Amino acid sequence: MDTFEAPIHPFRRAWKSRSFLIGLCLASLILIAGFISLFWTPHAIDSLNVANRLQASSSQHWLGTDQYGRDILSMLMIGARTSIIVALIAVGIGLLFGVPLGLLAATKRGLVEEAVMRTNDLIFAFPAILSAILITALLGPGAVNAVIAIGIFNIPVFARVARGGALSLSGRDFLLAARLSGKSGLRITLEHVLPNIANLLIVQATIQLSLGILAEAGLSYLGLGPQPPLASWGRMLNEAQTMMAFAPQLALYPGLAIVVSVLGFNLLGDGLRDLLDPRLRRRIR
Amino acid sequence: MFSYGVLRLLGLSLTLFAASIVVFVVLEVLPGDPAQVMLGISAQEDTLAALREQLGLNAPVLTRYVDWVLGMLQGDFGISYTYNVPVSELIAERAAVSLPLAAIALILSTAIAFPIGIMAARFRGKALDTGIMGLTQVGIALPNFWFAILLVYVFAITLRLLPSGGFPGWDQGVLNGLEALILPAIALALPQAAILARVMRSALIDVMSEDYIRTARAKGLSARVTLWRHGVRNALIPVLTILGLQFSFLVAGTVIIENVFYLPGLGRLIFQAITQRDLITVKSGVMVLVALVVLITFIVDLAYAAVDPRLRRGR
Amino acid sequence: HAKSALSLGIVLEPPHLDPTAGAAAAIDEVTYANVFEGLTRIGPNGEVLPALAKSWEISEDGLTYTFELQDGVTFHDGTPFSAEDVKFSLDRARAEDSTNAQKPLFAAISAVNVADEDTVQVTLSEPVGSFLFNLGWGDAVIVSKESAAGNKTNPIGTGPFKFDRWIKGQEISLDRYEGYWGTPVALEEASFKVIADPNAAFAAMMSGDVDAFPNFPAPETLIQFEADPRFKVAVGSTEGETILAMNNESGPLSNKLVRQAISHAVNKQALIDGAMFGRGTPIGSHFAPHHPAYEDLTGTYTFDPEKAKELLKEAGYAEGFTATLKLPPPQYARRGGELIRSDLQKVGINLEIVPLEWAQWLSEVFREKNYDFTIVSHTEPMDIGIYARDDYYFNYKNPAFDDIITQLNRETDEEKRYALMKQAQEMIAADAVNVFLFQLGKAGVWDANLQGLWVNSPIQANDITGVSWKN
Amino acid sequence: MAVFSAKNLSVSINGTPILKNVSFSLAKGEILGLVGESGSGKSMSALAAMQLLPDGATQDGSIRYKKHEIVGASERTMNEVRGRSISMVFQEPMTALNPTKTIGDQVSEGLLWHFKMTRQRALERTQKVLERVGLPFDNHMLDRYPHQLSGGQRQRVVIAMAIACKPRFLIADEPTTALDVTIQAQILALLKEIVRKDQMSLLLISHDLAVVADMADRVAIMKDGEIVEHGPTGQLFRTLSHPYSQQLVEASSHIPKARTRPLDPDAKPLLAVEGLVRTYPLPKRSVFEKRQYHTAVNTVSLRILPHESVGLVGESGCGKSTLARTVLGLEEPTKGHISFLGKNPFEVSHKEEKALKRGIQAVFQDPYGSFDPRHTIAKTVAEPLHLLRHEISETAKNGKVIAALEAVGLKPQDAHKYPHEFSGGQRQRIAIARALVTEPQLIVADEPVSALDVSIRAQILDLLADLRDRLGVAYLFISHDLSVVQAITDRVIVMNGGRIVEEGSTEQVFRHPKHPYTRMLVAAAPDLNASLKRRHKAEIKARTARQKS
Ligand SMILES: Nc1ncnc2c1ncn2[C@@H]1O[C@H](COP(=O)(O)OP(=O)(O)OP(=O)(O)O)[C@@H](O)[C@H]1O
Ligand SMILES: Nc1ncnc2c1ncn2[C@@H]1O[C@H](COP(=O)(O)OP(=O)(O)OP(=O)(O)O)[C@@H](O)[C@H]1O
Ligand SMILES: [Mg+2]
Ligand SMILES: [Mg+2]
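Residue numbers (this note's numbering), protein chains in the order written: chain A, 1 to 285; chain B, 1 to 315; chain C, 1 to 471; chain D, 1 to 549.
Same shape as in the complex, but just chain A (with noise of 0.2 angstroms):
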């Protein structure tokens, strides 16, 4: 089995998965969306008209307006903003301090190894929600709780994959030959195990973001995450429920919302799995 592939453009081939292009479609939308809310809305949020409030899609409000006469599709914008930004950070933070820990483990050895993997262990013996929100107890709700909420989730997730993809490397000679190269470990590490674990973790890091997406959702939905006047998907629902009998599109938008991007970075993740992931492609033989 060639775990490692050679880095033959797997792009090319990208546009024969459909499950990479309909992720991507839907992705960049989300993407989109948030990166234009930076600088242009339909409507500003922050101030409220509640004279104004729950119109119905007009050429004004293309879908409508909320209870408090806000522009919903601004709301979706900046929400989109919102529960990328968390959920990229939370990935970042994962990548930041997991891969060097699982790299370590897989170097190391011995007792390093022993210490980082047993700290896996324990954080992920903690049941995820009851720690966010004690954590969010401890920091005071925010968005930048919720980042700090789902990124410690996220360190472990990526150790593994980091030391399961270096360890899979190990018993490679190219990792001798660079020895016998007179290359330090860490200078190994950077040169030759980062580089060739980078699919593994690209991946990964797709669907950390959609579930850190989820993840948002969820603490904002419990009134953890970030505050007004900051929009997030998860309050949108949360707020919108009690009226959903006489404006269900005030409910409907943002749950669509988080299903149309989980989705999309999920199946993202997905068609980058079978792109990059040498695994998928071994069935192939």
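If you're looking for bench data, these hints aren't it; they were derived computationally from the structure.
Among the hints, erroneous ones may be present.
What the hints assert, rightly or not - Sample of chain C residues with no beta-carbon within 12 angstroms of chain A, all distances over it, derived:
1) Ala5
2) Ser110
3) Ser147
4) Gly182
5) Ala218
6) Leu327
7) Gly337
8) Asn395
As the list claims (entries may be wrong) - Computed list of lysine-lysine pairs in DSS-like fashion (alpha-carbon distance at most 27 angstroms, straight line):
9) Lys108(A) x Lys290(D)
10) Lys128(D) x Lys197(D)
11) Lys351(D) x Lys108(A)
These numbers were taken from a predicted model, which means no experiment stands behind them.
Heads up, the beta-carbon is just placed ideally off N, CA and C, and yes, glycines get one too.
Take the given structure of chain A and dock chains B, C and D with the ligands to it, following the hints.
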């Protein structure tokens, strides 16, 4: 096998010990005074002090930690600040809801996921597979609280078939209890089933490309028989991991669902206890959950050995 | 045959069931008048009614109260009720090591004497105008010496319902007490179901899982109940003055002009509409509109952003400033916060919203006074006196106001009391201590066949003693 | 009449033709050898015979078992044929067995499927079959799991599975490539015996001409999905007509040209190893157990002279690679002393260490695995120059890389390509170029050609011989393949169980092996010429016998 178990158990207790420190420290620095929460805004300083003394909040940190841990080891989880009853009693009551709920959800998700996953694997690349996999993708992306709300809307409010939430207690009849758990269990199970089905499918596809499957086919076994006799059992190994993770997730991570259905479960107990600063309940409750997760991991490990003889040591 | 069971939704689960040992309103919501009774009780419209005390006499100087007790009263465990129990209960509440959350209610009592089996004499150290009202609080109910210690989990009182069982996190059920001394109640059993989530409350009500929700947590859904003949929606008042509290010592807020500017900048009607879906009455000071001494001051600060900007300019804050708005969990606060943030932004004041749990709110805002703005509803009845308290979290210091309250506390004459109350209302309004937003409305939803539930909430209680099903 | 025949069989997968008009047939009791290099379509032919072609395959032509047409036969028919009439032994004994089922279950499964019999009966039959393939009689065998057996035992189980239902036609796809030579010899003997006794027809697939020449009655040579030559064994090898066949035979007994640069037996040794021991801790079975150690290399002493080429042979797991890693300084010895260029690499200063590392480089077994797929050839070959990082300029570095590439016969333009753009032989050249770039005195080559096809192997051996003479490098040449070692080394060391059991000049050791283990090894090693000679003798004997009668 035996000494392997002992070794694992030793590691697990170490995890528990570390967890107890983490939990204790976190709650130690958690802002908010339990006494004030209990007595409200009109309470006077001396009343507060009296209550704090009564709750044992004035003892030194180390003493409190040691007392707590020693207590737990003897089955004494402390007395809830708010409810004023032994925490162990509270947890037992709540577990009587959460554990069956998780179990039903798990059974449900397995019952849905296995056939679906196996079907998808059998008809890999065909329309059926594509359809199933598309559905599971949506299933994964669906936030379960959103799904739960929809269920309530349809089955409780519109059709009035099932209760919208709440739990009557098992002493009101097992049937009534089950009835109350159906919707929450479905809300929990479906997204999990989607994940499980995907894992089942990909594990099975992996296994079906193994050489020993070809060997079995070379013996003359038909494709279907090969799948069941040689495929499914070997595919169970990765599936077990996910099952184990899911069960702990289901037991512990149901705060949101328990809120939607106002079920008196473990997750909500802890959630409430945090907001009420019922620290002893939080501490002990979290420890029980952690222990549960750890225990399930252990059981999954043992189950591995049952499925995969390579992991049975000592032979 | 007529239904005789009631299931009633409550938002918060009581931590325990002893009203004499905790501040949680949820304790009273279950036990008040149903399980426990005091010497007096408060009626559906806030009036003081006799309860375990048949009648009373007040001495000329207002310092001695003599209570004549009801006969034939027994506790749910069968022990007879007597004057000794009254003495025990009051002494226990005011004792040094008491954990009574409303200990100040008993602060003026200097002695409780048992005159005979059915008569109790309470002596005060100074006259307290509201003493009979105070004795009607849930915190002043009479408990028996034998069972007092166990009341948290197994409450034993003298009321028409006795405690049956409590499924924690789920429901508390009561059964009719057949040995009740007074008029027997119509209901045979009642259960209080804990449903915190507004959406779940809506679902429970709609699906008929609960019969009544006297304090319905989702005002936005009421239209749907109103449109449905199965339900009755009763809108009443509460004692909850909802205010945008300001830390009168923090930076710009120490300037009266700034506070006045803020009072002008907040659009209260929009707030009531937006946050409460219209369920709330505008107020102009810290006083309940249904109280006879209420004075309508809502015109003091009309919604006028331009005026607000001018005042800010005058105060030297033409450019505005930045501050925090710390919000406790209730929806009126969280929703109102968003709207107020938007209102103040328009006059140049930028608020950072910091949501807090109650526990954190209590320690950060209430005790440490580490806040600029907060939104909270003060639900105690007749609590304008808090503005005179030293070290209260508003940091409001006005000796003239303190004087008025001292006088009010001494005064027993109704007329004069009302005059003082009006004066107090005007003073804090003029000082713009806080922004007085609205009187929290109470919206109850119940089965249209149900009768006898309270419409208003003079105290936080669900008195179901008069509830029955129509045939 | 032929038991089995394929006629004009063509197979393509997703449009790519894999087999082109392949025809062959087997008579009752006949052994047909199918040889050819990797990827030539041998396995695909076998899979077509079983109708177990991978997804996406389309086939054309005809395959017959006795009178039945197999191509396009229904799944039900095939399920009756497979295992019962046609059976197959797969290459990798570990992966061919289901790890979660017992041996008894797996062998009896086919019996239960094809015949109406009780489980009890099936297990009795299974026991008999297992005995037949030479598995020790003990009742526990049935209850064992694959991981509890050795490689040779596993392959016997796979054979038992294939012959349990007494099929008339057996296919063995590289049944011995994963095994040591001694075990290989046993398994081949077993197959031969079964075929003879049961009058079974056998299609034996192998890349090893010697094996096929020894076993098969007739031989077919495959290349690129076609059978290029086909005939009775002895005759075919005598009259090879197709150029590819000739090339193949020539390559598999290729001997590079002899050494031209003479050795100086009195020179100071380049490498001297004294009493080297290397142990590994074994995993503890219980917490309380004392830790056990496995001695991979046990008191080994050896020396290598400048320019000398020393071979190290021995069976799998005897400690060859461990010894190599220790010599390379990648692992510390547990005991013993190493001296390279007169210094102990584990005790020198940092600076001296660099110098020592420059002097000793390595070439590994798998030419693909020894490259980082993400680095260009230039970067890969330049990697050891890291040792000279403060001494030479970037241009000098490039010059050295180009020189090294040229020394192994590659073009300078190749430097910018990636490993996957090269063939197996080119890749191994690149690996050698990397080893050469620091101009080392000693190259440790751990199985450098065992992953390569015979024709490529011949090229690489030539290259190594050429470098030996041109540059004067010394080799420590590790291999389990005796013929390779014989071809390129001056001296041979034979290892068994971590110890050196015999040592001497190559010729002497192979010609007159002294140690019984060496003797066994030499005897078991397949040798094309020897088998052909044997076969020739047998043919003459048969002919004279026929003439006599
Ligand atoms: N599943 C598949 N899909 C596409 N091509 C395949 C597949 N399996 C094998 N091939 C190709 O078919 C050709 C013949 O493969 P085959 O396995 O028959 O070779 P072989 O002669 O058995 O080689 P080896 O000695 O390496 O086993 C090769 O070029 C291979 O790449
Ligand atoms: N890192 C290690 N830890 C534990 N045991 C090891 C380790 N490396 C090698 N061994 C053991 O040491 C013995 C010798 O291994 P080594 O790899 O040197 O064998 P080899 O002769 O090269 O075999 P092969 O021909 O299969 O490559 C084997 O039994 C092996 O299992
Ligand atoms: Mg092959
Ligand atoms: Mg080796």
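Status of each hint after checking the structure:
1. Even its closest Cβ contact with chain A, about 27 angstroms, leaves alanine 5(C) beyond 12 angstroms, as expected for a residue assigned away from the interface.
2. The beta carbon of serine 110(C) is kept farther than 12 angstroms from every beta carbon of chain A, the shortest such distance being approximately 44 angstroms.
3. Every beta carbon of chain A lies more than 12 angstroms from that of serine 147(C), the smallest distance being close to 36 angstroms; the non-interface claim holds.
4. No beta-carbon of chain A comes within 12 angstroms of the beta-carbon of glycine 182(C); the shortest separation is about 39 angstroms.
5. Against the 12 angstroms criterion, alanine 218(C) falls within the reach of chain A, whose nearest CB is about 4 angstroms from its own CB.
6. Not every beta carbon of chain A lies more than 12 angstroms from that of leucine 327(C), the smallest distance being close to 9 angstroms; the non-interface claim is violated.
7. Not every CB of chain A is more than 12 angstroms from the CB of glycine 337(C) (nearest about 7 angstroms), against its label as outside the interface.
8. Every CB of chain A lies more than 12 angstroms from the CB of asparagine 395(C), the least distance being 23 angstroms, so the non-interface label holds.
9. Under the criterion of a C-alpha separation no larger than 27 angstroms, the hint pairing lysine 108(A) with lysine 290(D) is consistent with the structure, at around 24 angstroms.
10. Using a Cα cut-off of 27 angstroms, the hinted pair lysine 128(D) and lysine 197(D) holds, with the two alpha carbons roughly 15 angstroms apart.
11. Under the criterion of a C-alpha separation no larger than 27 angstroms, the hint pairing lysine 351(D) with lysine 108(A) is consistent with the structure, at around 25 angstroms.
Going through the hint list in order, the structure does not satisfy hints 5, 6 and 7.
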